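Following the hints, position chain B against chain A.
Read top to bottom, the protein sequences are chains A and B. Mapping of the first sequence onto our numbering: residues 1 to 278, in sequence order. Mapping of the second sequence onto our numbering: residues 1 to 315, in sequence order.
Please keep in mind that the hints were generated in silico from the structure rather than gathered at the bench. Bear in mind the structure is a predicted one, so any value in this text is a computation, not a measurement. Among these hints, one or two may not hold up.
Stated by the list, open to error - Think about it this way: if two alpha-carbon atoms lie no more than 25 Å apart in a straight line, the pair counts; the simulated SDA-like pairs of lysine to any residue are: (1) B:Lys-259 with A:Leu-195; (2) A:Lys-196 with A:Lys-252; (3) B:Lys-282 with A:Glu-192; (4) A:Lys-81 with A:Arg-70; (5) B:Lys-252 with B:Arg-279; (6) A:Lys-253 with A:Glu-203; (7) B:Lys-259 with A:Glu-274; (8) B:Lys-299 with A:Arg-156; (9) B:Lys-299 with A:Leu-157; (10) A:Lys-153 with B:Gly-267; (11) A:Lys-196 with A:Glu-177; (12) B:Lys-282 with A:Val-194; (13) B:Lys-299 with A:Ser-218; (14) B:Lys-299 with A:Glu-267; (15) A:Lys-189 with A:Glu-177; (16) B:Lys-252 with B:Ser-273; (17) A:Lys-88 with A:Met-69; (18) A:Lys-238 with A:Pro-227; (19) B:Lys-302 with A:Ser-261; (20) A:Lys-59 with A:Lys-153; (21) B:Lys-302 with A:Glu-267; (22) B:Lys-304 with A:Glu-264; (23) B:Lys-282 with A:Arg-190; (24) A:Lys-123 with A:Arg-113; (25) B:Lys-282 with A:Arg-156; (26) B:Lys-299 with A:Glu-263; (27) A:Lys-123 with A:Ile-105; (28) A:Lys-196 with A:Leu-152; (29) A:Lys-81 with A:Asp-67; (30) B:Lys-302 with A:His-154.
Unchecked claim - Sample of chain A residues with no beta-carbon within 12 Å of chain B, all distances over it, derived: (31) Arg-70; (32) Phe-144; (33) Lys-153; (34) Ser-198; (35) Glu-203; (36) Cys-276.
The beta carbon of each residue, even a glycine, is placed where N, CA and C say it ideally should be.
Now for the letters of each chain:
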Amino acid sequence: MRRAKVRVGGGCRGRLVYWAYRIEGDIWSDEVSRLRSSGFRFLPRKDKLGVMSYFLGLKSALYDMLDDMRRRGIREQYLVKFYCVSEKVREILSRWGCGLRDPLIIGAVNTIRHLADAIGILKFTRPKNSRVEEELRIYAASQFYSRVNEILKHSRLWDSSNEDRYIVCSVPADSDEIPLEFLANFLYKREERVLKRSGGRHELRGVIVVRECGSGQSLTRIFLYSPKRGGSIARLFKQFDRRYLSGRLASKKSLCVTRSSSEEVEEILAEVLESCGM
Amino acid sequence: MRDVDSPWNGSGMAWPDADQVVQALLLAMMIAAAGMLLVGIVETLRAGKWRSPRRVGLVARLTLLVILASGIILAVHPLRSISHVFIGTATYLSLILMLEFIVILASDRVRAAFLNEVPLMSKILKLFEGRPAANHTAWSNPMGVVHAHARLKTSFPKPESSPVASPSAQAIRATEIHATNSIRSNPRPSTAATHNPAAISLSQRRSFRRSSGGESASYGLGYREICELRRAIGQVLGSRGLGALGSELDIKSLCLLVKIDAREGLGRLRMSSEFEKLRRLKLVSDRGRLMPRGVRLMKTLKRKGLIEKLREVSI
Chain A
1 MRRAKVRVGG GCRGRLVYWA YRIEGDIWSD EVSRLRSSGF RFLPRKDKLG VMSYFLGLKS
61 ALYDMLDDMR RRGIREQYLV KFYCVSEKVR EILSRWGCGL RDPLIIGAVN TIRHLADAIG
121 ILKFTRPKNS RVEEELRIYA ASQFYSRVNE ILKHSRLWDS SNEDRYIVCS VPADSDEIPL
181 EFLANFLYKR EERVLKRSGG RHELRGVIVV RECGSGQSLT RIFLYSPKRG GSIARLFKQF
241 DRRYLSGRLA SKKSLCVTRS SSEEVEEILA EVLESCGM
Chain B
1 MRDVDSPWNG SGMAWPDADQ VVQALLLAMM IAAAGMLLVG IVETLRAGKW RSPRRVGLVA
61 RLTLLVILAS GIILAVHPLR SISHVFIGTA TYLSLILMLE FIVILASDRV RAAFLNEVPL
121 MSKILKLFEG RPAANHTAWS NPMGVVHAHA RLKTSFPKPE SSPVASPSAQ AIRATEIHAT
181 NSIRSNPRPS TAATHNPAAI SLSQRRSFRR SSGGESASYG LGYREICELR RAIGQVLGSR
241 GLGALGSELD IKSLCLLVKI DAREGLGRLR MSSEFEKLRR LKLVSDRGRL MPRGVRLMKT
301 LKRKGLIEKL REVSI
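Looking at chain A on its own, in the form it has when it is part of the complex (with noise of 0.2 Å):
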């Protein structure tokens, strides 16, 4: 039987939560080598306070174990290890979640269970601060940001102005894994600590972000985030563009669905910020 350490964090704080695993090679057939694997998820609003977010990422990181495991072809049975982050997972799942009504948790559980013995055993474990749980914290933390670094790398980045600006990022369309409004709180906390690090007088306005999203026909979505109370950008682009579909215009956070595709929006975004003189 090998062994197999998953951890899932984040998840309490926001919408995001983040597992890693790591299986250890057979110690019989004196297998020194070992798998890691991490991944993410964005919980939709109503899933992510409370444990249910941890059941996800635990979900989630089960499915992947058990996919890599039909795919490598191994029959074998894993004794899984679940560092639980909090006592009340810990509880429900050592019950399995007898005694609780919500359809929700208990549908999760549920899928935790059945995929607990498809794999193995599913053994819970307090969190010990031990150097394996650290060493799978950190891993799936860097694997996250390291893919949200690359996104933005690869992604369009422009300003609006060389003083109190905004920026513009028009990020690929193959990145829709991670949610726009994460990408763009992400990008206003790395600009703002350059501008800090560089001494700037002027400060950050906040930063747009556009994705072009193909569902049959293409829309693309532009994130409007600005917590200096910036809404008015959003609403000149309401009346600038012509193929506005719909949206959520606030001051902070706004959210822009436009038939455009992302070059006619950027250049829409170009006219509206120089009409602003930002």
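Relative to the frame of chain A, chain B by itself:
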């Protein structure tokens, strides 16, 4: 004989008369003007980042003010008796002033700096420049004298339009001041040329050759490509397009802009003069990213398929 009571109570002191005071004032003003012009010239010729255009502007304005003030003083109090000392000093100072004016007129850089810093001067000059160019037609005489009755021109029969513009039309050219602090000639097509497509094309080709500085400055791009580029850039930048009056944009800068758009590493190019030009035109931000105007320009060039041609150009 003056009534002198005592040589020690001041009654015998010779007080300067008004003429002497005015002469002294005029000399002081001439010295001030000469000194300030010298400061302005030195300031302009100083290369690098220490050059302060504001100081040059201040010097030019103060010189104008001093000349104006001395004129007013002379108008209010005309000189009656002029001393030899005054004449000698004034001659010497006027020589110095003339020398400085020669330096200002001879050096493109100094002249452009002085004209740029005092907008009134450049406006007046433009006014003078604009007139002959606007009024000059193929019917005006070869000496450049404008016809007294401009309306009569329409009643005259039109001469045979030649594919080559007449030498008189080429002779009169309006000067244009470029932001690169150099003055160069800008030919305006004559009315004869505007009626003939062949002449239009010929004059355009000539102006292209002059404005692009020949084949070497166009980096292997053909006439048509440059024309297309000009048109595309003109749509976005308006009057500050490629080869336009006061524009700094050139092919090299455009290639750098394409590089920035393609997210290629800039490296040392960030310190180049081309980057500075793009930054001044607000096409690129201080951080080396495109700005709205640059984005629009790139989109226009992409739409017209000119980006690939610019990518092929090696700078």
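Hint by hint, here is what the structure shows:
For the suggested pair Lys-259 of chain B and Leu-195 of chain A, the alpha carbons sit about 24 Å apart, so the restraint of at most 25 Å is met. Restraint check for Lys-196 of chain A and Lys-252 of chain A: the C-alpha separation of about 22 Å stays at or below 25 Å, so the hint holds. Between Lys-282 of chain B and Glu-192 of chain A, the direct Cα distance comes to roughly 22 Å. Compliance with the 25 Å bound is thereby established for this hinted pair. Distance restraint check for Lys-81 of chain A and Arg-70 of chain A: the Cα-Cα separation of roughly 20 Å lies within the 25 Å cut-off, and the hinted pair is therefore satisfied.
Restraint check for Lys-252 of chain B and Arg-279 of chain B: the C-alpha separation of about 14 Å stays at or below 25 Å, so the hint holds. As the CA atoms of Lys-253 of chain A and Glu-203 of chain A are separated by approximately 18 Å, the hinted pair is consistent with the 25 Å bound. Under the criterion of a C-alpha separation no larger than 25 Å, the hint pairing Lys-259 of chain B with Glu-274 of chain A is consistent with the structure, at around 23 Å. Distance check on the hinted pair: Lys-299 of chain B and Arg-156 of chain A sit about 13 Å apart at the alpha-carbon level, within 25 Å; holds.
A hinted pair counts as satisfied when its Cα atoms are at most 25 Å apart, and Lys-299 of chain B with Leu-157 of chain A qualifies at roughly 14 Å. Between Lys-153 of chain A and Gly-267 of chain B the CA atoms are separated by roughly 17 Å; this keeps the pair inside 25 Å, and the hint holds. Of the supplied pair hints, the one linking Lys-196 of chain A and Glu-177 of chain A is violated, its CA atoms being roughly 30 Å apart against a limit of 25 Å. Taken as a hint, the Lys-282 of chain B and Val-194 of chain A pair is honoured in the structure, with Cα atoms around 22 Å apart against an allowance of 25 Å.
Our distance criterion of 25 Å between C-alpha atoms is met by Lys-299 of chain B and Ser-218 of chain A, whose separation comes to about 19 Å. At most 25 Å may separate the alpha-carbon atoms for a hinted pair to count; Lys-299 of chain B and Glu-267 of chain A meet this at roughly 7 Å. Between Lys-189 of chain A and Glu-177 of chain A, the direct Cα distance comes to roughly 20 Å. Compliance with the 25 Å bound is thereby established for this hinted pair. Straight-line distance between C-alpha atoms of Lys-252 of chain B and Ser-273 of chain B comes to about 10 Å, which keeps the hinted pair within the 25 Å bound.
The suggested pairing of Lys-88 of chain A with Met-69 of chain A is violated, with an alpha-carbon distance near 30 Å, which exceeds 25 Å. Distance check on the hinted pair: Lys-238 of chain A and Pro-227 of chain A sit about 20 Å apart at the alpha-carbon level, within 25 Å; holds. With a CA separation close to 15 Å, the supplied pair Lys-302 of chain B and Ser-261 of chain A stays within the 25 Å bound. For the proposed pair Lys-59 of chain A and Lys-153 of chain A, the alpha carbon gap of about 31 Å is over 25 Å, so the pair is violated.
With a C-alpha separation of about 12 Å, the suggested pairing of Lys-302 of chain B with Glu-267 of chain A holds against the 25 Å cut-off. Taking the CA atoms of Lys-304 of chain B and Glu-264 of chain A, the gap is near 15 Å; set against the 25 Å cutoff, the hint holds. In summary, the hint linking Lys-282 of chain B to Arg-190 of chain A is supported, as the alpha carbons are separated by about 24 Å, within the 25 Å threshold. Proposed proximity of Lys-123 of chain A and Arg-113 of chain A is supported: the alpha carbons are some 11 Å apart, at most 25 Å.
Taking the CA atoms of Lys-282 of chain B and Arg-156 of chain A, the gap is near 18 Å; set against the 25 Å cutoff, the hint holds. For the hint linking Lys-299 of chain B to Glu-263 of chain A, the alpha-carbon distance of about 8 Å falls within 25 Å, and the restraint holds. As the CA atoms of Lys-123 of chain A and Ile-105 of chain A are separated by approximately 19 Å, the hinted pair is consistent with the 25 Å bound. Between Lys-196 of chain A and Leu-152 of chain A, the direct Cα distance comes to roughly 20 Å. Compliance with the 25 Å bound is thereby established for this hinted pair.
Under the criterion of a C-alpha separation no larger than 25 Å, the hint pairing Lys-81 of chain A with Asp-67 of chain A is consistent with the structure, at around 18 Å. Pair hint Lys-302 of chain B plus His-154 of chain A holds up; C-alpha atoms about 19 Å apart against a cutoff of 25 Å. At roughly 40 Å, the least C-beta separation between Arg-70 of chain A and chain B is larger than 12 Å, which holds for a residue marked as non-interface. The Cβ of Phe-144 of chain A lies farther than 12 Å from every Cβ of chain B, with a closest approach of about 23 Å, so its non-interface assignment holds.
Residue placement check: Lys-153 of chain A does not keep its beta carbon more than 12 Å from all beta carbons of chain B (closest about 9 Å). In this structure Ser-198 of chain A is not separated from chain B by more than 12 Å, as the shortest Cβ-Cβ distance comes to only about 9 Å. For Glu-203 of chain A, the condition that its CB be more than 12 Å from all CB atoms of chain B holds, with the nearest at approximately 14 Å. At roughly 10 Å, the least C-beta separation between Cys-276 of chain A and chain B is not larger than 12 Å, which violates its mark as non-interface.
Hints 11, 17, 20, 33, 34 and 36, counting from the list given before, are not met by this structure.
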